[in-house]
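A.B. asks: Quick note: the sequence shown, position 138, residue 138 per the UniProt record's numbering, numbers continuous.
Hints were generated in silico from the structure; no laboratory data involved. A few of these clues could be false.
Below, a list of computed lysine to aspartate or glutamate pairs in the EDC-like style, where the Cα atoms sit at most 16 Å apart [stated by the list, open to error]: (1) K93 x D123; (2) K114 x E104; (3) K103 x E47; (4) K28 x E47; (5) K93 x D144; (6) K93 x E47; (7) K26 x E7; (8) K3 x E33; (9) K164 x D144; (10) K29 x E47; (11) K114 x D125; (12) K26 x E1; (13) K114 x D144.
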Amino acid sequence: ENKFRLEYVLPSHMDGKTYGHIRDPKAKKNDEEQVLTLSNERVTVPELLFTPKLIGINQGGLAQAIAESIKACHPDLHGLLYQNIIVIGGSAKFPNFQQRLEKELRCLAPTNYKINYHAYTKDQDPINFAWKGGSRMVSSGAYDHYSLSKATYQEYGSDACKRKFYWYS
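All chains, please: the whole structure from these sequences, using the hints.
C.D. replies: Structural data, given as structure tokens:
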């Protein structure tokens, strides 16, 4: 028996449900359900986020991308950024995802920085976090303060960004 094999019942959208579910292996099969059977792919796909070289992509994984992004920011912000890593999106639901990310990032971060993760709880959905945050920002009126119009950028280029966001540099 393959312990990695799972059958995912895809959402039908006919009954108003937009989420699928994992079928109980002992449950009776329904011919009207669309089923996606996954086995080793369940391990392979999450692994590729951390080690893209496994499929010939010559770049670092997620932890390296985070470390390099923080390093590209002003040094005074590094500690703050390492302490405010938000783990969201569908990938955050992979088993042990946060623990793996934490382990790999700890190896890359300077030892004097504390690393703190903000992860979803069981009653929250990490898939919608980014949308909800953006929605709150727009509805609060703060978006205009933190954005630059396409027309302004096209007219003034990166100088417009430097003028508007000078406190980030």
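A.B. asks: Decide, hint by hint, whether the structure agrees.
C.D. replies: Against the structure, the hints:
1. K93 x D123: holds (13 Å)
2. K114 x E104: holds (14 Å)
3. K103 x E47: holds (14 Å)
4. K28 x E47: At roughly 32 Å apart (the allowed maximum being 16 Å), E47 and K28 break the hint.
5. K93 x D144: Violated. K93 to D144 sits at ~32 Å, over the 16 Å cutoff.
6. K93 x E47: holds (13 Å)
7. K26 x E7: Judged against 16 Å, a Cα distance of about 11 Å means the pair holds.
8. K3 x E33: violated (23 Å)
9. K164 x D144: Given that 16 Å is the threshold and the Cα spacing comes to 11 Å, the pair holds.
10. K29 x E47: With Cα atoms ~31 Å apart, K29 and E47 exceed 16 Å; violated.
11. K114 x D125: Violated - the C-alpha atoms of D125 and K114 are around 26 Å apart, more than 16 Å.
12. K26 x E1: Answer holds: K26 to E1 is near 14 Å, not above 16 Å.
13. K114 x D144: At roughly 32 Å apart (the allowed maximum being 16 Å), D144 and K114 break the hint.
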